[in-house]
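**Student:** The listed protein sequences correspond, in order, to chains A and B.
Numbered by my numbering, the letters in the first sequence go through residues 39 to 725 in order.
Numbered by my numbering, the letters in the second sequence go through residues 365 to 610 in order.
Calculated directly from the structure, the hints in this document are not laboratory data.
Please note that a few of the clues may not be correct.
[As the list claims (entries may be wrong)] To give an idea of the interface, some chain B residues facing chain A are shown, with a C-beta separation under 10 Å as derived from the structure:
hint	residue
1	R401
2	R525
3	P534
4	L561
5	G584
6	I588
No residue lacks a Cβ here, since even glycine has one placed at the ideal position from N, Cα and C.
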Amino acid sequence: MSSTKEKKRKSTEPPNGPGWTRRTMLKASAAAGVVTMLTSRKSLALSLPPIPTQPPDCTPQPTNSPATTPFMQALPIPPVAIPTILIPFPTLQADTALGEAARANHQDWTQFFPLVQYSVSVQPTMHQFHPQIPPTYCWGYNGIYPGPTFLNVYGVPILVRFANNLPVNNIGFGDNNHTTHLHNGHSASESDGFAGDYWSPGLFKDHHYPNVYAGFNAVPPIGDPLEAQHTYWYHDHRHSFTAANNYRGINGMYLMYDDVDTGSEAPGQGAQALRLPGGYGVYDIPLNFTDKLFCSDGQMYATSPDTIPAGDKFCVNGAIQPYFNVYTRRYRFRFLNSGPARIWTFNLYDNNGNAQPMTVVTTDGNLLPSPVEIIPSSSQPTLQGLTVYVSQRYDVIIDFTNATAGTSWYLTNSAAQFVSNAQEPEPAPGVNIGNVVMAFNITGPPPQQDQSQVPSVLTTLPNIATPMANLFGTRLWNFNDFVAGAEGDPSNPTAKVFNVNGLTFDPNRPDALIQQGSAETWLIRNRFPGTGWTHPVHIHLEEGRVLDRRNINANPTTGALISINSEGVPPLEQGRRDVYPIVPGDEVLIFLQFRDWFGKYMIHCHNLGHEDNLMLTRWDVTTGPSSTVTSPTYSDGTPNTGNGEPNSGAQPNLTPAITLLSQLPASYETTKLNRPGFKGSKKGVKA
Amino acid sequence: MNRRDFLSCHVPDKSRPAASLGPGYYSNGVFTTHENRKVRFYDDLIRGKISIINFMYASCDKYCPRSISCLTKLQDLLGDHLGRDMFMYSFSLKPEEDTPDKLAAYAKSNGARRGWLFLTGSEYDLTSIRFKLFRLDDPLMDFSVDVHASMVRMINDNNSRWSSWVLPDPPRLIREAVSWVEPTKPFAVRVRENAELQTRIESESAITAPQRAKFKRAHGWPEITAKYENPEGLRKLQSLLHARTA
């Protein structure tokens with residue numbers, strides 16, 4: 039009896055130890071490829087690759103990743119997710135008896151019942167980033183990296199069952215508790231992947247994505263089509279381990295189509311159809327950018343089991359410096375910066391080293407009113423290169439029509455990667471091979487004539503006049519680095535590392551309660567003095583509109599104001615956004631609505647390292663009334679006294695509504711933005 | 365440092381747990397506890413244990429007291445684990461003034477129990493581990509004394525799992541961060557905890573369907589109870605998927 043038990047125990051646990059060589063690991067990964075979700079958990083565990091012990095030959099930190107030859111592999115295109123019939127059938131209430139993770143009931147479940155269902159397993163896998171680097175132990179959706187791409191149509195609700203099959207004998211960086219956020223889906227709270235709502239291995243969770251436009255309560259049945267977003271990504275959002283889990287590979291793309299952005303360039307779809315270059319994986323190409331540092335044995339290096347390094351290998355869709363064969367025609371590329379921390383600035387050069395334009399049509403998945411051209415010779419500094427902060431998305435049209443067949447064009451980043459020890463030649467005059475992220479090989483004319491177009495008017499922005507006239511107030515969010523002592527006294531170390539309004543994350547403590555259906559303007563500040571960090575701030579639930587931007591130049595030691603430089607609204611922020619980068623001293627005023635769903639959401643820095651260091655705040659959509667003060671206590675009742683800074687602890691975080699930064703009273707221009715004792719706006723929401 | 369010390373600092377030890385990063389990673393410098401014992405960093409403090417590490421100095425009177433009182437309360441939450449498989453280490457930021465005697469008095473005044481050590485040592489060793497354990501890959505932060513006064517680091521040597529939290533947040537949150545480096549609980553326990561969580565969610569402030577309907581009525585928004593039918597959309601999705609998979 040006991041021997042059977044012993045056998046069983048052995049067979050269900052992935053072997054992990056010195057007996058497992060790389061060869062057996064490879065065999066295991068080959069077996070993992072054929073695992074389907076119908077396989078029982080036992081055999082799944084057997085066929086998954088074992089965890090490599092924290093790189094045995096990779097301490098101390100490698101000077102660089104192994105050398106790789108550029109353009110050895112074609113750009114991988116993530117496969118499309120295929121619907122299935124889920125067993126057990128999805129339910130309104132969490133089916134905890136059959137292994138579903140705890141959650142609140144789905145909202146508007148009957149109305150948007152999901153006939154289309156997907157099953158996704160979050161599991162370990164082996165992935166080869168380059169032919170010259172041995173396969174790497176990764177985690178991924180359905181065991182692939184990047185995860186499968188979801189193709190969706192507005193008005194077709196779907197449900198995705200995320201099964202956590204991560205290893206229970208977790209070693210090194212990454213956490214086996216998982217939650218998925220669809221960035222930036224207009225999803226109900228229980229399907230939003232809130233950072234504290236992670237679930238453990240062996241459990242699954244059903245995320246309900248109704249695929250509706252924001253504002254469906256007021257404009258039934260599926261909301262205002264002008265609220266459409268087209269390029270989303272889904273990724274691990276387990277707080278404190280988001281950087282590690284995404285570095286392991288837990289992310290993928292999610293695309294949405296409707297009558298305007300149809301995914302087809304064929305004529306005869308009606309006047310409203312944009313006919314942008316279409317056909318997923320053919321002329322509509324996702325580009326998921328990330329950077330990694332590899333050990334000589336191909337395993338990803340982590341600075342510590344809690345710190346992800348800056349990578350010296352640039353990966354596109356999981357391939358280092360790939361090539362992509364193109365015809366002489368237009369293509370739509372969906373740029374995504376999946377982190378962990380790098381800020382990319384892209385440019386495009388042809389074989390002669392001449393810069394070529396890139397035409398941006400969407401920002402964070404939202405159509406711009408008109409296309410915006412990126413070219414180094416632009417008079418607008420923000421348009422001289424395409425700067426993509428973590429989690430931002432840009433859909434870019436590249437026109438290869440006039441390219442010469444047999445040549446290559448190069449997508450470059452402003453910072454260089456490590457390519458090889460040998461001096462690599464310049465692929466084009468003036469283009470350093472280290473800066474090249476990927477190459478486009480021009481093969482010749484397309485088999486069919488290019489029917490795509492890039493209209494000069496892409497969309498009109500939703501009318502926000504009514505909510506703008508009924509703002510509840512302006513909410514303040516200070517994204518702070520550590521500050522050397524209260525009020526600049528370095529002998530008095532009071533500061534927390536990264537914080538929002540002087541507070542770090544407590545998953546059970548909302549710092550703002552907001553009545554559903556209301557509108558506010560939010561002032562997001564990167565306070566001075568700081569260490570010089572840029573914070574790409576992300577807000578869940580709804581897309582925002584940038585109303586105003588400015589940079590405050592202050593004395594880094596005393597905080598004394600030197601000058602205020604108004605920046606207005608840059609061209610790439612004139613559409614709708616969900617990630618708002620703020621460089622040191624920057625502040626941005628945005629307009630937000632809180633429609634349709636109830637529950638907990640977040641505002642956080644999307645530099646994955648910063649959010650793991652708790653630069654995260656929960657806010658809730660409620661039946662009302664909206665709050666004006668940061669939560670007075672932690673979730674366990676500990677008084678929230680903050681850290682002694684002017685805007686920390688249970689302080690007011692609401693001022694009377696402003697719609698331009700110049701309307702801020704002069705007394706708010708300094709660090710004492712949020713004086714204790716301020717009573718907030720009396721203007722309520724019409725009930 | 366003699367030759368033997370040098371080797372034990374830099375040569376991986378075969379007796380360490382398989383997944384451990386070992387003394388070569390953690391370093392193995394000698395520290396003195398508030399009980400005036402000499403201990404090696406990896407061999408005596410880290411190996412095979414869950415360690416909860418922070419930095420402080422006894423004369424710090426503005427920030428540290430709140431951090432330390434938070435750790436005092438954490439002791440209760442660790443229960444029997446403290447001193448058995450979990451240990452708390454508070455390292456001095458000012459070794460020149462923090463003598464073992466002074467640390468002993470400090471430990472006593474803060475109610476430190478068995479399993480919570482206050483340590484001092486050479487400036488070099490202290491800076492080395494501070495840099496290693498609290499590394500954020502940013503020199504400004506990594507060398508800052510202030511930042512480390514506000515962080516607590518959890519390390520499980522057996523599985524090389526780390527986590528961290530901020531001081532002086534509520535001890536309950538820090539206890540939770542400690543649990544993330546512990547081995548994953550048995551499946552049965554996780555299932556039971558999941559069911560308990562579901563009960564808690566249902567009993568707490570979740571906004572129910574009738575409340576949502578009432579809220580809609582109050583705003584004059586149309587009430588929809590029927591399922592939204594969209595055969596056209598389904599056909600479109602089918603053709604999108606078919607185009608890709610055909």
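**Student:** Hint compliance check: list the failing hint numbers for this structure, sorted ascending.
**Tutor:** 1
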